[in-house]
Amino acid sequence: AQSVAQPEDQVNVAEGNPLTVKCTYSVSGNPYLFWYVQYPNRGLQFLLKYITGDNLVKGSYGFEAEFNKSQTSFHLKKPSALVSDSALYFCAVGFRGYSTLTFGKGTMLLVSP
Amino acid sequence: DTEVTQTPKHLVMGMTNKKSLKCEQHMGHRAMYWYKQKAKKPPELMFVYSYEKLSINESVPSRFSPECPNSSLLNLHLHALQPEDSALYLCASSQAPAGGYNEQFFGPGTRLTVL
Chain V
1 AQSVAQPEDQ VNVAEGNPLT VKCTYSVSGN PYLFWYVQYP NRGLQFLLKY
51 ITGDNLVKGS YGFEAEFNKS QTSFHLKKPS ALVSDSALYF CAVGFRGYST
101 LTFGKGTMLL VSP
Chain F
114 DTEVTQTPKH LVMGMTNKKS LKCEQHMGHR AMYWYKQKAK KPPELMFVYS
164 YEKLSINESV PSRFSPECPN SSLLNLHLHA LQPEDSALYL CASSQAPAGG
214 YNEQFFGPGT RLTVL
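Just so you know, the protein sequences line up as chains V and F, in that order. Going letter by letter, the first sequence gives residues 1 to 113 in the numbering used here. Going letter by letter, the second sequence gives residues 114 to 228 in the numbering used here.
Don't read these hints as lab results, they were simulated from the structure. Misleading hints may appear alongside valid ones.
Short, incomplete list of chain F residues facing chain V, as computed with Cβ under 7 Å [what the hints assert, rightly or not]:
| no. | residue |
| --- | --- |
| 1 | Pro155 |
| 2 | Val161 |
| 3 | Gly212 |
| 4 | Gly222 |
Note that the coordinates shown come from a computational prediction; the quantities given were computed from them, not determined experimentally. Idealized CB from N, CA, C, for every residue including glycine.
Using the sequences plus the hints, can you model the full thing?
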């Protein structure tokens, strides 16, 4: 069975500092990995995905993520956090031939001024 | 147009009411999804439509009835709901086939309260 873990319920970072939101996965086979962000009272918004190829994926709003097969991780990063990045972040995994995504529990990111 | 729209934004209904949630997209996507989301939790998949046919029903109670009238529209008919059904209901769409490497585009959701 596939699973996704986001080990931190909340991440706090000061504006201007780099941020990392962690995601690890447990699957057999080759996963497709996604990051979504959810602002208060809104739907989820796609940030980036890894399918194959270059392990460093760049996405929207200056976010990037690195696929690490040996550590089964797909951490989300940004070099310089903004207060407006404060939101709930979900990591998700999908597979070829499967219609569903498996979501992590979510990590709340709080960026302080 | 890269937007998924959902109506209404908010809905309050009694346990004996019948209501419907609507979702629309004009991105040419042939896969559409209904999710239920409780506060600060990940979305839970309810239904998947692929090419206007129901392909996945995640053991959802029959008081929820989905409908896909055409490739742009998705409805969720509600009847005899329970208070525990109160949640944010999210619609999403993606290129077909559903899932796999296709990212999903989400609507803003309908906040449902069942009294």
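Going down the list of hints, with the structure as the test:
Annotation: interface hint on Pro155(F) holds; nearest CB of chain V at approximately 4 Å, less than 7 Å. Look at Val161(F): its Cβ gets to within about 5 Å of chain V, closer than 7 Å, so that hint holds up. A least Cβ separation of about 4 Å between Gly212(F) and chain V falls short of the 7 Å threshold, and the interface hint therefore holds. Annotation: Gly222(F) was flagged as interfacial toward chain V, and the flag holds, the nearest CB pair being 5 Å apart, inside 7 Å.
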